[in-house]
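**Q** Residue numbers for the sequence shown follow the working numbering, so the first one is 1 and each next one is one higher.
Think of the hints as simulated: they come from the structure by calculation, not from any bench. Possibly wrong hints are sitting among the right ones.
[As the list claims (entries may be wrong)] Listed next, the in silico SDA-like pairs over lysine to any residue satisfying Cα-Cα at most 25 Å (straight line):
(1) Lys63 with Phe101
(2) Lys74 with Ala39
(3) Lys74 with Tyr58
(4) Lys74 with Phe101
[Said to hold, decoys possible] Label-pair distances were calculated between CB atoms; the ranges are:
(5) Trp104 with Ala13: 34 to 42 Å
(6) Thr56 with Ser16: 13 to 21 Å
(7) Gly102 with Ser16: 37 to 45 Å
(8) Ser52 with Trp108: 30 to 38 Å
(9) Thr103 with Ala13: 36 to 44 Å
Note that the Cβ used here is the ideal one computed from N, Cα and C, for glycine as well.
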Amino acid sequence: VQLQASGGGLVQAGGSLRLSCAASGSIFRINGMGWYRQAPGKQRESVAVIRSGGSTNYVDSVKGRFTISRDNAKNTVYLQMNSLKPEDTAVYYCNMDVWRFGTWVPYWGKGTQVTVSS
């Protein structure tokens with residue numbers, strides 16, 4: 001199973017970006033999907049998660065600005081980021097819990113850089 005993230009880039013403060021992450025390989029079922037980020041010198045943090053039933057959670061700093069969604073038919077998770085701030089600058093990683101070997105196995109994408117200029 002491989003996760004491929006895309007959509008990062010350089011944007012001015014107040015702008016928008018949409019991240020995508022598609023899973024490929026031997027996939028029977030995916031449970032939770034999520035986006036995490038890691039800024040230089042900081043620990044990786046959970047930004048947004050979406051469960052198989054569609055419920056979502058967001059870190060407080062992005063509530064009202066970011067929206068996570070998923071397309072189960074395409075094994076893809078999205079992160080719509082609006083009103084971006086310089087403090088959103090980080091490498092963004094996608095994560096999916098995939099059913100394999102009789103259990104849920106977490107997979108990670110390689111990360112995509114998001115840079116917000118002031």
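**Q** Evaluate each hint against the coordinates.
**A** Checked hints:
Restraint check for Lys63 and Phe101: the C-alpha separation of about 35 Å exceeds 25 Å, so the hint is violated. As the CA atoms of Lys74 and Ala39 are separated by approximately 29 Å, the hinted pair breaks the 25 Å bound. For a cut-off of 25 Å, the pair hint linking Lys74 to Tyr58 stands: about 23 Å separates their Cα positions. Our distance criterion of 25 Å between C-alpha atoms is met by Lys74 and Phe101, whose separation comes to about 22 Å.
Our hint of 34 to 42 Å for Trp104 and Ala13 holds, since their Cβ atoms are close to 38 Å apart. Distance hint for Thr56 and Ser16: a CB-CB separation of about 18 Å, consistent with the stated range 13 to 21 Å. About 41 Å separates the C-beta atoms of Gly102 and Ser16, a value consistent with the hinted range of 37 to 45 Å. Under the hint 30 to 38 Å, the C-beta atoms of Ser52 and Trp108, about 18 Å apart, miss the expected range.
At roughly 42 Å, the beta carbons of Thr103 and Ala13 sit within the given window of 36 to 44 Å.
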